[in-house]
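Asks: Here is what each chain is made of, one letter per residue.
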Amino acid sequence: MNCRSEVLEVTVEARQVEEAMLALLHTILLHRSTGKFHYKKEGTYSIGTVGTLDIDCDFIDFTFVRVSSEELDRVIRKAVSEFKDALNNSGSDGMGQISLEFYQKKKSRWPFSDECIPWEVWSIKVNVVNLANEQERQICREKVGEKLGEKVINVVEVINRHEYLPKMPTQSEVDNVFDTSLKDVQPYLYKITYQITDSLGTSVSTTMRRLIKDTLAL
Amino acid sequence: MAHFDTEYQRLEASYSDSPPGEENLLMHVPEGAKSQWHHIENLDLFFQRISFYMFLAYKNGFTCMLLGEIFELVQLLFVVGFTVFLANCVDYDILFANKFVNHTDSSKVTLPDAFLPVNVCSARIQGNAFVIFVLMISGVFWLHRLIKFIYNVCCYWEIRSFYINALKMTMSELPYATWQEVQARIVEIQKEHQICIHKKELTELDIYHRILRFKNYMVAMVNKSLLPVRFRLPVLGESVFYTRGLKYNFELIFFWGPGSLFENEWSLKPEYKRGGNRLELADRLASRILWIGIANLLLCPVILVWQILYAFFSYTEVTKPGSLGARCWSLYGRCYLRHFNELDHELMSRLSKGYKAASKYMNCFLSPLLTVVAKNVAFFAGSLLAVLIALTIYDEDVLAVEHVLSSITLLGVCITVCRSFIPDKHMVFCPEQLLRVILAHIHYMPDHWQGNAHRYETRDQFSQLFQYKAVFILEELLSPVVTPIILIFCLRRKSLEIIDFFRNFTVEVVGVGDTMLLCPDGHQAAWTSCGEGPQELSLMHFAITNPQWQPPQETTHFISQLKERVHREATGVPTDTHPLSLSESEPRSLIANLLAGPSTLASVHFGRDSSLTNHAAAGISDGASALRSLSPISSSLHLRGSLSAAHRTAGHTSTMSKAMAGSGTDARTVSSGSSAWEGQLTSLVLSEYASTEMSIHALYMHELHKQQSRGELSRHTWHRQESDESSDSVPDEVRSQPNPHSRNFPRSHTFPAAVPSPSEGASSHNSSERRYSGPTTDSFGAGGKVVRSARVPMGGWAEEGQTAPRHHEPLPEESLEDEMPPHIHKVNAVTVCDWDGTVNLPVCTASKQTLSFSLSLSRSLSLSLLSLSLSLSLSPSLPLTSDHITKP
Chain W
1 MNCRSEVLEV TVEARQVEEA MLALLHTILL HRSTGKFHYK KEGTYSIGTV
51 GTLDIDCDFI DFTFVRVSSE ELDRVIRKAV SEFKDALNNS GSDGMGQISL
101 EFYQKKKSRW PFSDECIPWE VWSIKVNVVN LANEQERQIC REKVGEKLGE
151 KVINVVEVIN RHEYLPKMPT QSEVDNVFDT SLKDVQPYLY KITYQITDSL
201 GTSVSTTMRR LIKDTLAL
Chain Z
1 MAHFDTEYQR LEASYSDSPP GEENLLMHVP EGAKSQWHHI ENLDLFFQRI
51 SFYMFLAYKN GFTCMLLGEI FELVQLLFVV GFTVFLANCV DYDILFANKF
101 VNHTDSSKVT LPDAFLPVNV CSARIQGNAF VIFVLMISGV FWLHRLIKFI
151 YNVCCYWEIR SFYINALKMT MSELPYATWQ EVQARIVEIQ KEHQICIHKK
201 ELTELDIYHR ILRFKNYMVA MVNKSLLPVR FRLPVLGESV FYTRGLKYNF
251 ELIFFWGPGS LFENEWSLKP EYKRGGNRLE LADRLASRIL WIGIANLLLC
301 PVILVWQILY AFFSYTEVTK PGSLGARCWS LYGRCYLRHF NELDHELMSR
351 LSKGYKAASK YMNCFLSPLL TVVAKNVAFF AGSLLAVLIA LTIYDEDVLA
401 VEHVLSSITL LGVCITVCRS FIPDKHMVFC PEQLLRVILA HIHYMPDHWQ
451 GNAHRYETRD QFSQLFQYKA VFILEELLSP VVTPIILIFC LRRKSLEIID
501 FFRNFTVEVV GVGDTMLLCP DGHQAAWTSC GEGPQELSLM HFAITNPQWQ
551 PPQETTHFIS QLKERVHREA TGVPTDTHPL SLSESEPRSL IANLLAGPST
601 LASVHFGRDS SLTNHAAAGI SDGASALRSL SPISSSLHLR GSLSAAHRTA
651 GHTSTMSKAM AGSGTDARTV SSGSSAWEGQ LTSLVLSEYA STEMSIHALY
701 MHELHKQQSR GELSRHTWHR QESDESSDSV PDEVRSQPNP HSRNFPRSHT
751 FPAAVPSPSE GASSHNSSER RYSGPTTDSF GAGGKVVRSA RVPMGGWAEE
801 GQTAPRHHEP LPEESLEDEM PPHIHKVNAV TVCDWDGTVN LPVCTASKQT
851 LSFSLSLSRS LSLSLLSLSL SLSLSPSLPL TSDHITKP
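So the sequence lines, in the order shown, correspond to chains W and Z. For the first sequence, position 194 matches number 194 in UniProt numbering, and the numbering has no gaps at all. For the second sequence, position 158 matches number 158 in UniProt numbering, and the numbering has no gaps at all.
In case anyone wonders, no lab produced these hints; they're calculated from the structure. All values derive from a computational prediction rather than experimental measurement. Treat the hints loosely; a few may be bogus.
[What the hints assert, rightly or not] The calculated EDC-like cross-link candidates involving lysine to aspartate or glutamate, where the alpha carbons are at most 16 Å apart (straight line), are:
{"hint": "1", "chain 1": "W", "residue 1": "106", "chain 2": "Z", "residue 2": "280"}
{"hint": "2", "chain 1": "Z", "residue 1": "191", "chain 2": "W", "residue 2": "163"}
{"hint": "3", "chain 1": "W", "residue 1": "107", "chain 2": "Z", "residue 2": "158"}
{"hint": "4", "chain 1": "W", "residue 1": "143", "chain 2": "W", "residue 2": "13"}
{"hint": "5", "chain 1": "W", "residue 1": "167", "chain 2": "Z", "residue 2": "192"}
[Claimed, not checked] On the chain Z side, residues computed to face chain W include the following (Cβ under 7 Å):
{"hint": "6", "residue": "29"}
{"hint": "7", "residue": "30"}
{"hint": "8", "residue": "39"}
{"hint": "9", "residue": "194"}
{"hint": "10", "residue": "197"}
For glycine and all other residues, C-beta sits at the position ideal for the given N, C-alpha and C.
With the hints as constraints, model all of the structure from the sequences given.
Replies: Okay, here's the thing in structure tokens:
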């Protein structure tokens, strides 16, 4: 696919899953959000401000920074808690993957629906471990904190590279690049999906799509 | 979770969400998406479409294709409707006058009388389950075609606008552009629009890898006999069965079907990249193949009807009696002869150029017995026909006699069929030369064909690549039945090998995805030269067709050395001594083997020139004339050629000087940079050049390989005699020239031994040498190890040297022929060529300037040599008309 993909892997205890995920997702989104655009005449715009918040984790020795938008936080939290529940209910070996995908929309002609073309995908692989006693938990608490710190630095390094980003849109196209539904902040269009255990095989839908496309090709 | 507010607060107070009173401080101007071509989702598909559109433009253009499609849709409706009508709604008794119509007023029977009434007709149709079934299938088929048509119109409309808006090419100039030009523009576009987001710049190789990702795998698998396409049948002997249905199933299993090895279009599933549980994966693959085979079996009747419909509409033109004997390159042949990273249109134009020679070659083998019979049958049929026609002319009432008309028709068909078995009177039996000409175009051929071109085994093997069209269609029709059997019983057994193949030969390239590793030992994403035949040739082909491509370091070295060698061979030897005097026992070079006679003519021309630019210019103009002699297509091209000849010469000289000055620009950039029309012509002609140059490389490498394999054999015997030497020490000894046995060991002479040039460092010398001697020492040291990717299926190169006892058959020699008066057809002029001769090929490291110089120089030289030789040595006996040369 024509998109960058970054993979982060973390090993955490069951109760740390939610916070660890929030920490990583929020860190990425912090760097992929701008203030609201205010378009003026003559095709110019000014950018609003973005506030930040420091969040202390309860189960991990870690503090992260997030955009101080409650709406955005609610959306992320919802996705993460769904993921956590699914992970708990799966009852399997506790492997899961949550991915944050940034995309842009491309308008297409009438019979086809708009295409969503991803340009960056962050996959966070989670491995849940069970710990026996309190001492191990204490160690894990510190270790996960350190690990997350490394990951955050990792994320920042990736984002600092001069790589492809969608161009700043004009007023009519702003919806194709940014998520403008939030009141106070404007992240790039994103999508959070999750997957419990790396289920193998192409999904049926992609195969069908390919089948149809293939028979239609000249 | 505790929240701590930092000092960086969002300014809640301001309604307008910008610092109060400073609304105009920070203003941004949106860049907007100026074009819609940035960041394309599926680049594989996009590039495929671009190249296909290009191909369409070559053939007849998009509009023609659309119109053709529409007519075909109508045709299909008509044929199905008409057939059903004929079968169910006509009262044949009335037509054949077995039943009389009770008309009162007139005795004439009219056509409408023969039609059944509508209600009877529809009742008959509804009563027949089979007709309903066929109607349903064809209805689905038609709808499918219709949807496909609409879908393609939309897709290619987009591609068209990409050509116009992004690549800035008009539709009228597209047919005259080459793929390389389009590609160069795409590379340009990437810098501006970033259609691929992984890297700032695309290379030619990236584009090729994307377009041909799966095709490269297929080519490799066919050549490694991983796919069960060759069978040993009880009656037919060894035969090849590879149809589109089978190919489709293979692709379904490996690349995109449910649970295939690839997780999406650009990456192999991670578990297949690890060797750990290969057995389990192989089991899984085997069971999937089984299921797909069973599905094929169940769907067999549907596919069969579909296939018949498809064949009917796709191959109607073949069913004409005249083209029954026509041949085409088989699907297997197209896979076998394909280079890695060769686009469809490149392959097709190459094969089309070889078509004429190939069909001539096959026609050489008409059995004389059959010819005699056919002649006589034709005689009798002809005389009967003549009498009937004469009688008819005398009195047309003869036609009214029962069956006279039908027997005239039958006799006519009979004569046509017979005539196809009678060879052309002016045909000359010279299979060896024909095979050489074919090789120049198709580039691959098992070694043991050479020297055995006259044998029926060779012909039969060649016919696997070049089959009758009728056979092709028959196979296609049989395919639905045979495919499940092959899948279930043959492919399943190979699953472990296939798993291993994909693991070993896949490499992940940033910005391209998982792609076929073209050399198993290479750590590079691209080719590294591993010294094996097909890959070497593919590499050469790619480097020649894409001169702007910057190969990796080692590869550059390899290419330059090879070119250097070919160039030296082509120029050096004939100037030293006269080829005729050479032909007995004196040392002679490989190229001299190929081109001995004619090359003198050229080399006289070249050899005397001292000034570099003159040299080049002479080469070019010579090349142009030679090109014309090689491919006398039409007067129009002649005109074009001569029109642009002057321009080209100028372009080349300027390139030369530029190259000398150190900028490594190629002639193509210069020529395409000039005025549009001339530039296009030039690039067309230049691509002709490139293909000719590739031909000469192919010939050269085959010759080299043949001699190598012979040398290998003799060395094996030698090795056995000197059994006291350990096999480890042998490669070193081979490398060292002053070997006590080297006199008995002819291979070390013909082998391109590296002579250390002073400029070359010891290490690079070693590595280059090892690369050259790589496969040979390898197989040598291991005793009988088969060189890994040699083309085995046709009894290929690698085993050839070791298994087949090679009798020292004389090399075919064309050189003498043109020295004779043209009317003396000494076609099989075979002189015993002394392959023992010393060819000392100094391997020198050329600096960049000299490299680019020698590159274009050798191109012009070799090209003119080859074409001269071909035209001179062959034209007396076989006029090489080239109406099969296609445009691209």
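Asks: Does each hint fit the structure? Answer for all of them.
Replies: For each hint, the structure was consulted:
1. W:106 with Z:280: violated (42 Å)
2. Z:191 with W:163: holds (13 Å)
3. W:107 with Z:158: Distance ~13 Å between residue 107 of chain W and residue 158 of chain Z Cα, so the pair holds.
4. W:143 with W:13: With a Cα-Cα distance of about 11 Å, the restraint between residue 143 of chain W and residue 13 of chain W holds, given a limit of 16 Å.
5. W:167 with Z:192: holds (12 Å)
6. 29: holds (5 Å)
7. 30: Residue 30 of chain Z check passes; min Cβ-Cβ to chain W is 5 Å, inside 7 Å.
8. 39: holds (6 Å)
9. 194: holds (6 Å)
10. 197: holds (4 Å)
Hint check: a violation occurs at hint 1 only; the rest are consistent with the structure.
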